[in-house]
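Number of protein chains: 4
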Amino acid sequence: LRCVLLGYRNTSLHSTSSRSMASKTPVGFIGLGNMGSPMAKNLLKHGYPVIATDVFPESCKELQDLGAQILDCPAEVADKADRIITMLPSSPNVIEVYNGPNGILKKVKKGTLLIDSSTIDPSVSKEMAVAAEKMGAVFMDAPVSGGVGAANLAKLTFMVGGVEEEFTAAKELLGSMGANVVYCGPVGTGQAAKICNNMLLAIGMIGTAETMNLGIRLGLDPKLLAKILNMSSGRCWSSDTYNPVPGVMEGVPSANNYQGGFGTTLMAKDLGLAQDSATNTKTPVLLGSLAHQIYRMMCARGYAGKDFSSVFQFLREEEGQ
Amino acid sequence: LRCVLLGYRNTSLHSTSSRSMASKTPVGFIGLGNMGSPMAKNLLKHGYPVIATDVFPESCKELQDLGAQILDCPAEVADKADRIITMLPSSPNVIEVYNGPNGILKKVKKGTLLIDSSTIDPSVSKEMAVAAEKMGAVFMDAPVSGGVGAANLAKLTFMVGGVEEEFTAAKELLGSMGANVVYCGPVGTGQAAKICNNMLLAIGMIGTAETMNLGIRLGLDPKLLAKILNMSSGRCWSSDTYNPVPGVMEGVPSANNYQGGFGTTLMAKDLGLAQDSATNTKTPVLLGSLAHQIYRMMCARGYAGKDFSSVFQFLREEEGQ
Amino acid sequence: LRCVLLGYRNTSLHSTSSRSMASKTPVGFIGLGNMGSPMAKNLLKHGYPVIATDVFPESCKELQDLGAQILDCPAEVADKADRIITMLPSSPNVIEVYNGPNGILKKVKKGTLLIDSSTIDPSVSKEMAVAAEKMGAVFMDAPVSGGVGAANLAKLTFMVGGVEEEFTAAKELLGSMGANVVYCGPVGTGQAAKICNNMLLAIGMIGTAETMNLGIRLGLDPKLLAKILNMSSGRCWSSDTYNPVPGVMEGVPSANNYQGGFGTTLMAKDLGLAQDSATNTKTPVLLGSLAHQIYRMMCARGYAGKDFSSVFQFLREEEGQ
Amino acid sequence: LRCVLLGYRNTSLHSTSSRSMASKTPVGFIGLGNMGSPMAKNLLKHGYPVIATDVFPESCKELQDLGAQILDCPAEVADKADRIITMLPSSPNVIEVYNGPNGILKKVKKGTLLIDSSTIDPSVSKEMAVAAEKMGAVFMDAPVSGGVGAANLAKLTFMVGGVEEEFTAAKELLGSMGANVVYCGPVGTGQAAKICNNMLLAIGMIGTAETMNLGIRLGLDPKLLAKILNMSSGRCWSSDTYNPVPGVMEGVPSANNYQGGFGTTLMAKDLGLAQDSATNTKTPVLLGSLAHQIYRMMCARGYAGKDFSSVFQFLREEEGQ
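Residue numbers (the working numbering), protein chains in the order written: chain P, 1 to 321; chain G, 1 to 321; chain F, 1 to 321; chain U, 1 to 321.
Simulated from the structure, these hints should not be mistaken for lab results. Even glycine gets a Cβ: it sits at the ideal position worked out from N, Cα and C. The reader is advised that the hints may include incorrect statements.
Claimed, not checked - Pairwise CB distance ranges, derived in the manner of DEER restraints:
(1) D79(F) with D72(P): 38 to 48 Å
(2) D79(F) with N102(P): 27 to 37 Å
(3) H46(F) with F56(P): 55 to 65 Å
With the hints as constraints, model all of the structure from the sequences given.
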């Protein structure tokens, strides 16, 4: 990642907007869930005044105690802040928060920078960008990789899509909440990059689980098999960094009964987005599609709360037991 | 690979057989095809007298000119050599060469070391080992990774299954033809390791091709997408070392119209072996099985002779063109 | 089908609306494409005054010559007719025609019956029903099975979802354009029934093609194999009524180079809708999903315009040719 | 079936062998398991002297009490009978019973008719036929459809592969144990027909289960959905005769907690044979292959002993429960 970022670090700053970046003007934050809450706290820690809202009062209360100003709805936030970050569970929430009767676009000011860190369908990101542009505002999609732990430690990676001239402005804010901020291209490409990565991740993980299981049944020692794969062309992140077979690696969910990590439900959601994007663009994704179905089945069979590497356990059960 | 090999280099040599390893006694070689021929030549280069046979006289002629002794059939080779290497296209050929009317086992001497470098069903390797043991001989499976180029340069990797006490003896010979010799476990585990690696490789390659194609259609630049994947959890050998998208990397088959490399036909064959092994051991391999079918279709649609990364091209075609 | 319909024929008519059904008041028709045009003509034939619109003037001209009144946009049609049928290519078109700036809902009268015969996502049907209800109108989804030929002959089957009390009113109109009108349940279930049928159809067709191909390669005569399947538990509509293997049946697309019939592109579209519905309802559809991908690939490989039974030809190609 | 059989009933009998068919000479029977035992009893009922053997003495005892002569091994049976039927669990058993040290071929008499009703790989049937021919005997494959119930009632269907001239002789014997005897072509085509039927059956069943599940989640009543499918192009044996959804039909396993019927384990076995045949003939079977994997997973997850229509239950589980 460093090389990518260095490119941007060397870039001199040419802001095309009138938003003041030197002084820390208030930043709006909408969506104070498991991810949004620590992200907003990191903005506070970096000295940004935060103006926030969420449908759950208790989430707001916690942030208020830390110094944030809480308002009633997204429209009110848009009335007060010219930089707003949204972090919401799914496409319909994003549409509501931007386009709804009390949505951001009802009161957004010209030149406002809107950064959506939700993971949603890239085509919804594009719709939001068009709607924002009509109001004279700028919309960027900036989904994250890294979970709650990374959010707490400001170690998230942001994949950013939108007008390139605004990337510097976005990066200033996102840099307070993450370790890496990568520019991906026009609006929607941040989502696209995240969805693509997670689809390949799911395929690699299921493939690793199938392969390790087959090798073990053929008489190979799991640690030795992992070592051989990792020296060879079978190598992938799931085999060398996050091996799904208990006993092969330490410090990964498979070493801890598949607790923590990246939940099967979230993976199923992302694969659903990948499938939607593939259907919309008429792209054949045979393995991606089957991976989606496998994680869908896992969700229904008791693996919803486990790390997505538990697919090894799902496939592992022996007949006759 | 080095770490694995170091383990063995530190092992003191306890040969359990009476075969002389210090002096270079003749080595039998059966199967002088695209792979076998350069392998046998490397044995000659290392000073081993070679006694060979093949069904094609012209293959024999070339080796004869280099100093090898040519005999009529595997049985005759077994009569003259107490170390024999076989390199054959498929399971039926191996069965014929070992068990056929003029097969090795008709005249094999007690204590002979039989090393089969063919890629075949591990269950056939086990059968051959049992049959060899009945005659007082030792059978090991030692399939290779690396193609004709690696065979020429003695850079193959051998994955060896068999009695551990014989590994040192096998390694001495195989080391003349390859850069890495990895001990995998009991007979059949060499095949198992190779099959497992190639199944995961196929899954990773198709997954990478699907993902790159989807990302491109969603507006991402292919080079940037590859960079993002390779910094992230989607990373795999097919994305970072052998990217299937033309223009992303140099020096790989995708940069050369998918010529050279590892042919789609060979990948389909190995996936067939993986499928057979999975069926026999009742192991679910959903992605592995679908990968097999995809390469099978490619073989029928003009991709048989291309490198297996051409699956990108296979999936790439746009509707309406 | 007869039994289903008889149930309704025996039902006494209790219309809950003030729409006059005895006299033939004007019927609005929006979408005069390959399917909509013959449907509207059949309404004219049955003596209904038709008020129509379409984005293509030439489509309108033809209907005008037959006596229809042509208006400029859906809103104007809604201003004149209290029964409107829409027949559009996809979800976005439906949203535009109902909810757009010149859409039906801009001028719809209270009590109007809106029947959408497009094949779209059931969740969009539900949205339209909610929007219509707000305006005091009634929305029903009524997608068809049967192609252009059946539309010409008024032999379509309509699968109708919506308030049961309005079914009689819908059936009166639809009966002029089709042979069967089946009530499926609440709004969206007409779409659901169609999508479900076509997903199972696609699975059965690909399954039949794979099976016939495998049997032929194993030495079975195709006609005999079809006969055996059709006497046995492998029997399905694709094997006994629409066999995809040339030479097995007469009068089907496989007997005519896969011309006519139900196009691969349309099947791919319907499978996309099935996939979307499955993703939204978190329903695992492993074979349905793979069937979608296979038809997607076919669209890109020259089969877009052929009947969907051409999957046999797609799978059939032999290696080495 | 009638038409097929009538063809043969009208054929005048030209036996090419010297075996007496008018008088009831002894019939050998090897393999007295769940299927073989009732089959042998039906031969006894029809007045054939039976000479039998099995590895389990208790199976032999029961048949002995009914009048059969029990011998020690297949070779002894072959020494006494010139018509022999075998009914064994899998390919290795068939190879042992025919080719083993005490196998049939050790003592088979010239002109003996060997009928194997086991369900095995067609390539093994072909091997056995070649081996039998070397001894002057005739081998036919004649796998059955129909379970233990049909075996008891002599209602099995036999699919027969082998030399056509011998079909009449085979049919005489098989007609005592089944209601239908279908000639399929050369040796191996009986197996091929059975494997093909069961592969398409599995695809249709899983497809029906996915479709019914999707429809139900989209709000359709299961009985109504089944009715619509069965009137339409989605119709298949699994939807109209053996519906997998509890409550839709009576008298099928889904109405009885998936007890009885055709076990998931047997389906998985047959799909494994289909996969092997497809791999050997390089035939792409995408859905067939995935169906195999699904039944393989079911075997490992508690469905091994249930009817194969329980795939509906397997897919049905809801997330969050």
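If any of the earlier hints don't hold here, list their numbers in rising order.
none
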